[in-house]
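For reference, the chains in residue letters:
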Amino acid sequence: MVSCVYIETEIRDHPRARKLLERLCNLPLVEIEHYGEVFNPRAQNFRLQKKNPAIIIARKNDGHVLAAPEGYGLGGSHNYYFSHMLNCIYDCRYCFLQGMYQSANQILFINYEDFGERIVQVAAKHRSEAVWFYSGYDCDSLANEPMTEFTDYFIPLVASIDNAWMELRTKSTQVRSMLKLQPCERIVTAFSFTDPVSHAKLEHGVPSIAKRVDAMRRLIDAGWSVGLRFDPVVYHQDYQAAFVNLLDEIFTTVDPQKLHSVSLGGFRLTRDHFRKVARLYPEEPLFAQKMDLDNGIISYPLEREREMIEYCEAQLMKHIPHQSYHPCQWHG
Amino acid sequence: MLIWVSALHCEAKPVIDYYRLKKSHDDNAFDLYRGDDMLCIISGVGKIASAAACAWLAARYDHEASIAWMNLGVAGSGQHEIGAAFSLNQVIDADSGQRYYPVPCAGSLLPGSACLTLSQSSEDYREDTLYDMEASGFIYSALRFSSAELTQCIKIVSDNRAHQTGKNRQRVSDLIHQNIDTIGQQANALIALNKQIAGLAVNPESWQQLIALAHFSQTQKNRLRVLWRYLMNRDNSAETVLQKLRGCSSAATIISTLELLSYQDSEGL
Numbered sequence: 001m002v003s004c005v006y007i008e009t010e011i012r013d014h015p016r017a018r019k020l021l022e023r024l025c026n027l028p029l030v031e032i033e034h035y036g037e038v039f040n041p042r043a044q045n046f047r048l049q050k051k052n053p054a055i056i057i058a059r060k061n062d063g064h065v066l067a068a069p070e071g072y073g074l075g076g077s078h079n080y081y082f083s084h085m086l087n088c089i090y091d092c093r094y095c096f097l098q099g100m101y102q103s104a105n106q107i108l109f110i111n112y113e114d115f116g117e118r119i120v121q122v123a124a125k126h127r128s129e130a131v132w133f134y135s136g137y138d139c140d141s142l143a144n145e146p147m148t149e150f151t152d153y154f155i156p157l158v159a160s161i162d163n164a165w166m167e168l169r170t171k172s173t174q175v176r177s178m179l180k181l182q183p184c185e186r187i188v189t190a191f192s193f194t195d196p197v198s199h200a201k202l203e204h205g206v207p208s209i210a211k212r213v214d215a216m217r218r219l220i221d222a223g224w225s226v227g228l229r230f231d232p233v234v235y236h237q238d239y240q241a242a243f244v245n246l247l248d249e250i251f252t253t254v255d256p257q258k259l260h261s262v263s264l265g266g267f268r269l270t271r272d273h274f275r276k277v278a279r280l281y282p283e284e285p286l287f288a289q290k291m292d293l294d295n296g297i298i299s300y301p302l303e304r305e306r307e308m309i310e311y312c313e314a315q316l317m318k319h320i321p322h323q324s325y326h327p328c329q330w331h332g
Numbered sequence: 001m002l003i004w005v006s007a008l009h010c011e012a013k014p015v016i017d018y019y020r021l022k023k024s025h026d027d028n029a030f031d032l033y034r035g036d037d038m039l040c041i042i043s044g045v046g047k048i049a050s051a052a053a054c055a056w057l058a059a060r061y062d063h064e065a066s067i068a069w070m071n072l073g074v075a076g077s078g079q080h081e082i083g084a085a086f087s088l089n090q091v092i093d094a095d096s097g098q099r100y101y102p103v104p105c106a107g108s109l110l111p112g113s114a115c116l117t118l119s120q121s122s123e124d125y126r127e128d129t130l131y132d133m134e135a136s137g138f139i140y141s142a143l144r145f146s147s148a149e150l151t152q153c154i155k156i157v158s159d160n161r162a163h164q165t166g167k168n169r170q171r172v173s174d175l176i177h178q179n180i181d182t183i184g185q186q187a188n189a190l191i192a193l194n195k196q197i198a199g200l201a202v203n204p205e206s207w208q209q210l211i212a213l214a215h216f217s218q219t220q221k222n223r224l225r226v227l228w229r230y231l232m233n234r235d236n237s238a239e240t241v242l243q244k245l246r247g248c249s250s251a252a253t254i255i256s257t258l259e260l261l262s263y264q265d266s267e268g269l
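So the sequence lines, in the order shown, correspond to chains A and B.
Letter 117 of the first sequence, counting from 1, is numbered 117 in our numbering, and no numbers are missing.
Letter 245 of the second sequence, counting from 1, is numbered 245 in our numbering, and no numbers are missing.
Heads up, a few of these hints could be off.
A short list of chain A residues far from chain B (calculated; beta carbon distances all over 12 Å) [what the hints assert, rightly or not]:
id, residue
1, D13
2, C25
3, L29
4, I32
5, E70
6, G75
7, Y153
8, D162
9, Q174
10, E185
11, R218
12, E284
13, I297
Part of the chain B face toward chain A, derived, beta carbon under 7 Å [what the hints assert, rightly or not]:
id, residue
14, N89
15, Y230
16, Y263
Cut-off 30 Å, straight-line C-alpha distance, at most; resulting in silico cross-link-like pairs (DSS-like, lysine-lysine) [claimed, not checked]:
id, chain 1, residue 1, chain 2, residue 2
17, B, K195, A, K51
18, A, K19, A, K50
19, B, K195, B, K221
20, B, K167, B, K23
21, B, K195, A, K50
22, A, K60, A, K125
23, A, K180, A, K258
24, A, K258, A, K276
25, B, K195, A, K201
26, B, K221, A, K276
27, A, K201, B, K244
28, B, K22, B, K167
29, A, K50, A, K276
30, A, K258, A, K211
31, A, K290, B, K244
32, B, K221, A, K290
33, A, K276, B, K22
34, A, K50, A, K60
35, A, K290, A, K60
36, A, K19, A, K211
37, A, K258, A, K318
Derived from the structure by calculation, the hints contain no laboratory data.
No residue lacks a Cβ here, since even glycine has one placed at the ideal position from N, Cα and C.
Model the full assembly from the supplied sequences, consistent with the hints where possible.
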């Protein structure tokens with residue numbers, strides 16, 4: 001349940017802001033000067049706020065498109081990310097966003113044209129080489145689609161730039177808007193999954209696996225490129241059987257030959273994020289499991305991680321062609 | 001614990017009566033009323049007095065796992081009827097221009113409003129905001145000790161362009177009393193939120209028993225606290241876990257025993 005709407009006074013008359021306000025007219029509205037006034041103060045409790053987050057309608061003034069962190073992406077040479085939203089409507093206990101910001105409120109940036117201008121500039125800088133733009137780093141790309149109408153603006157834009165590729169990363173089923181658009185093979189909608197046990201225990205508010213698999217199928221049937229992200233793979237005593245069940249559920253509906261890419265990686269967080277999230281949720285078994293610190297990253301001990309990844313890879317390879325597989329590489 | 005902060009006794013009286021709070025005779029810096037997991041302090045008029053009252057109480061009750069704060073008082077308004085009640089969603093300090101944003105309670109029955117905190121009383125009302133003399137000092141101080149979700153301000157309009165009743169103490173009490181059920185509901189929501197956070201804290205008695213078992217370095221204590229918080233939030237009784245530690249002869253073995261218990265407990269997610 002959303003608690004209220006904050007809006008920067010300066011953008012109140014922006015057409016996209018007006019449309020959002022019409023949609024959110026039943027919620028209390030508070031005008032602010034800059035989103036940082038509400039989003040950045042230290043005296044916020046992320047855990048309490050996550051239950052009733054506010055929506056902040058704002059303009060992003062700089063840093064519209066940034067270089068992706070090392071190791072992020074599908075092996076391309078030029079990787080960038082951009083965030084038309086900050087934070088996510090879902091509440092996944094393993095997610096690094098819990099330790100990223102002071103606030104659980106969701107920011108919706110409405111100045112898409114500034115993002116678009118920068119995307120065009122970055123793509124032009126690399127001339128004819130492929131450039132990847134990842135949109136689901138600080139948010140779920142599609143989860144708020146009925147409100148944000150993100151795809152209406154960004155898909156035609158990226159489709160019009162010959163060397164631009166875009167990944168939409170999502171756990172949602174919000175594909176209706178995409179189904180109305182002309183498919184483009186350089187736009188990849190990547191669906192994230194964890195096994196059914198992890199999904200039930202850790203992914204609060206996320207649509208069921210079956211509904212998401214159906215959303216994937218609808219996109220594939222319409223001619224869109226679709227990817228699968230098994231990231232993070234979470235350890236529990238039944239992870240092997242649960243992962244096999246997940247693959248069965250997906251591949252009884254989805255033709256693996258039609259997948260653009262598949263990636264897989266174990267649970268990991270930076271040490272600072274891990275400590276922050278573990279303090280927020282002291283009762284959470286995920287943070288009480290045996291973990292090791294490696295190069296600033298907290299993850300499963302190497303032996304356990306290797307065993308998990310090898311098992312899951314072996315199961316995955318029974319379904320998908322090898323060339324579509326991209327393991328998540330993060331160890332130094 | 002919920003702490004009510006009001007400038008005047010007449011503003012606090014409806015709450016004191018509603019919750020049957022009893023005057024404390026042990027304190028003389030401020031008038032203080034006590035109840036079941038609840039306090040009400042009379043700060044005096046002005047933002048500095050309000051901030052001082054919050055700080056004084058926070059220091060005295062720093063052993064509390066979590067404190068929720070409620071500033072209750074009257075305000076002036078250019079447009080609202082006398083007796084209208086508001087939950088503040090923006091507080092602006094007129095002197096510094098500093099703005100604060102108390103988080104609205106989801107499902108609150110009270111409409112939200114901005115409030116300008118003045119150092120001197122004024123009858124020069126603007127349409128779009130309430131006027132008071134405490135909220136910015138209250139919230140500045142309370143946010144040092146709690147989060148914005150646990151810090152609320154409720155203001156009842158006592159003065160507008162047509163009527164000024166803010167100096168009539170009985171009338172002030174009556175205006176607040178008229179809204180006491182809604183105020184009580186808002187307080188209940190705040191208490192429920194606060195319990196969620198307080199419930200995660202380590203019980204100080206069992207913690208003392210635990211650290212008395214061996215000599216722990218600060219680093220070991222940090223690790224111990226993480227493990228203990230986890231196990232105590234997973235329906236283990238402190239007695240049972242402490243019993244399992246009786247045979248441990250050193251800090252390291254206590255920690256490794258607790259780690260083993262945590263790993264076993266977390267296997268199933």
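Now for the hints, and whether the structure bears them out:
1. D13: holds (17 Å)
2. C25: holds (14 Å)
3. L29: Violated: least Cβ distance 8 Å, not greater than 12 Å.
4. I32: I32(A) not clear of chain B: closest Cβ-Cβ about 7 Å, inside 12 Å.
5. E70: Holds, because the least Cβ-Cβ distance between E70(A) and chain B comes to about 30 Å, which exceeds 12 Å.
6. G75: holds (31 Å)
7. Y153: At roughly 30 Å from the nearest Cβ of chain B, Y153(A) sits farther out than 12 Å, so the non-interface label holds.
8. D162: The assertion about D162(A) holds, with a minimum of 45 Å to chain B.
9. Q174: Non-interface label on Q174(A) holds, nearest chain B Cβ at 24 Å vs cutoff 12 Å.
10. E185: Since the minimum Cβ distance to chain B is about 38 Å, E185(A) lies beyond 12 Å and the statement holds.
11. R218: With a cut-off of 12 Å, R218(A) remains clear of chain B, as the shortest Cβ separation is near 31 Å.
12. E284: Per Cβ check, E284(A) is inside 12 Å of chain B; nearest 8 Å; violated.
13. I297: Since the minimum Cβ distance to chain B is about 18 Å, I297(A) lies beyond 12 Å and the statement holds.
14. N89: Where the cut-off is 7 Å and the nearest Cβ of chain A is about 5 Å from N89(B), the hint holds.
15. Y230: holds (5 Å)
16. Y263: holds (5 Å)
17. K195(B) / K51(A): Holds, because 15 Å separates the two Cα atoms, which is no more than 30 Å.
18. K19(A) / K50(A): holds (25 Å)
19. K195(B) / K221(B): Status holds; Cα separation ~25 Å.
20. K167(B) / K23(B): Satisfied, since the Cα-Cα distance of roughly 24 Å is no more than 30 Å.
21. K195(B) / K50(A): holds (16 Å)
22. K60(A) / K125(A): holds (22 Å)
23. K180(A) / K258(A): Measuring from Cα to Cα gives roughly 20 Å; hence the hint holds.
24. K258(A) / K276(A): At roughly 40 Å apart (the allowed maximum being 30 Å), K276(A) and K258(A) break the hint.
25. K195(B) / K201(A): Cα-Cα ~23 Å, so holds.
26. K221(B) / K276(A): holds (17 Å)
27. K201(A) / K244(B): Since the Cα atoms of K201(A) and K244(B) sit roughly 29 Å apart, the hinted pair holds (cutoff 30 Å).
28. K22(B) / K167(B): holds (25 Å)
29. K50(A) / K276(A): Distance of about 15 Å is within 30 Å: holds.
30. K258(A) / K211(A): Within the cut-off at roughly 19 Å; holds.
31. K290(A) / K244(B): At roughly 20 Å apart (the allowed maximum being 30 Å), K244(B) and K290(A) satisfy the hint.
32. K221(B) / K290(A): holds (18 Å)
33. K276(A) / K22(B): Since the Cα atoms of K276(A) and K22(B) sit roughly 40 Å apart, the hinted pair is violated (cutoff 30 Å).
34. K50(A) / K60(A): holds (22 Å)
35. K290(A) / K60(A): violated (40 Å)
36. K19(A) / K211(A): Holds - the C-alpha atoms of K211(A) and K19(A) are around 28 Å apart, at most 30 Å.
37. K258(A) / K318(A): Within the cut-off at roughly 15 Å; holds.
Going down the numbered hints, you'll see the structure goes against 3, 4, 12, 24, 33 and 35, while the others check out.
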